[in-house]
Amino acid sequence: QKEVEQNSGPLSVPEGAIASLNCTYSDRGSQSFFWYRQYSGKSPELIMFIYSNGDKEDGRFTAQLNKASQYVSLLIRDSQPSDSATYLCAVNTSGGSYIPTFGRGTSLIVHP
Amino acid sequence: DTAVSQTPKYLVTQMGNDKSIKCEQNLGHDTMYWYKQDSKKFLKIMFSYNNKELIINETVPNRFSPKSPDKAHLNLHINSLELGDSAVYFCASSQGSTPRGQYFGPGTRLTVT
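So the protein sequences, as listed, match chains D and Y. The first sequence begins at 1 in my numbering and counts up by one. The second sequence begins at 113 in my numbering and counts up by one.
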């Protein structure tokens, strides 16, 4: 069974710090990797996607992918209280069509 | 303009009833999905439609049936509702087989009493 694993948290960081969220996946054929943010009572919102090994930066967010080790991470620099949410990792597994598998999410709390 | 919309936002009904949830996207995407998010917040895919063809059908009871009149709409019909069907149902859409992620609707909170 293709799995995506995340630490449920909560991960608590002070305002201004770097928050590091991690995700591992089981399917070596996975091709696309996504991070979503979900505020309580709201729908998931796409933050970033990454396809290639290495880092991808977008504003305060950096996604890191290591296919050999089968992990993908999300770094949030200068964390703000408004970043407090659940972060979902999603993986497009192999097979030709988009078969999204989500992790259970990591709860992030940024305290002032 | 709302990219992915769902109706209704809340749905309270009794066991045994039949209900439908509607979803529409105006993003021009060719693939739409239904997800179920349970009380533990686990987001599980139920169905996916690509150009009117069902391409994913997870182990979902056949009481659930997706219907897509066109590529901008994907409705979810649920027959003989059970207590365990209570959850938040999200519609989403994406473009292509290697999409740049999915866009989610606001969700429908279904409560079965």
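To be clear, the hints were calculated from the coordinates, so they are not data collected in a lab. Yeah, the Cβ is synthetic: ideal placement off N, Cα and C, and Gly gets one too. Check before you lean on any hint, since a few could be wrong.
A few chain D positions that, by computed beta-carbon distances, are all more than 12 Å from chain Y [unchecked claim]:
1. Asn22
2. Gly41
3. Glu45
4. Asn92
Subject to a maximum C-alpha distance of 30 Å in a straight line, what follows is the list of computed DSBU-like cross-link-like pairs (lysine-lysine) [claimed, not checked]:
5. D:Lys2 / Y:Lys153
6. Y:Lys131 / D:Lys67
7. Y:Lys156 / D:Lys67
8. D:Lys56 / D:Lys2
9. Y:Lys179 / D:Lys67
10. D:Lys67 / Y:Lys152
11. Y:Lys131 / D:Lys56
12. Y:Lys156 / D:Lys56
13. Y:Lys131 / Y:Lys148
14. D:Lys42 / Y:Lys153
15. Y:Lys156 / Y:Lys183
16. D:Lys42 / Y:Lys179
17. Y:Lys183 / D:Lys42
18. D:Lys2 / Y:Lys179
19. Y:Lys156 / Y:Lys179
20. Y:Lys183 / Y:Lys131
Consistency of the hints with the structure:
1. Asn22: 18 Å, holds
2. Gly41: 9 Å, violated
3. Glu45: 7 Å, violated
4. Asn92: At roughly 7 Å from the nearest Cβ of chain Y, D:Asn92 sits no farther out than 12 Å, so the non-interface label is violated.
5. D:Lys2 / Y:Lys153: With a Cα-Cα distance of about 19 Å, the restraint between D:Lys2 and Y:Lys153 holds, given a limit of 30 Å.
6. Y:Lys131 / D:Lys67: 43 Å, violated
7. Y:Lys156 / D:Lys67: Distance ~24 Å between Y:Lys156 and D:Lys67 Cα, so the pair holds.
8. D:Lys56 / D:Lys2: 25 Å, holds
9. Y:Lys179 / D:Lys67: 37 Å, violated
10. D:Lys67 / Y:Lys152: Holds. D:Lys67 to Y:Lys152 sits at ~29 Å (cutoff 30 Å).
11. Y:Lys131 / D:Lys56: Cα-Cα ~43 Å, so violated.
12. Y:Lys156 / D:Lys56: 27 Å, holds
13. Y:Lys131 / Y:Lys148: Answer holds: Y:Lys131 to Y:Lys148 is near 15 Å, not above 30 Å.
14. D:Lys42 / Y:Lys153: With a Cα-Cα distance of about 11 Å, the restraint between D:Lys42 and Y:Lys153 holds, given a limit of 30 Å.
15. Y:Lys156 / Y:Lys183: 22 Å, holds
16. D:Lys42 / Y:Lys179: 25 Å, holds
17. Y:Lys183 / D:Lys42: 25 Å, holds
18. D:Lys2 / Y:Lys179: Status holds; Cα separation ~27 Å.
19. Y:Lys156 / Y:Lys179: 19 Å, holds
20. Y:Lys183 / Y:Lys131: Distance ~21 Å between Y:Lys183 and Y:Lys131 Cα, so the pair holds.
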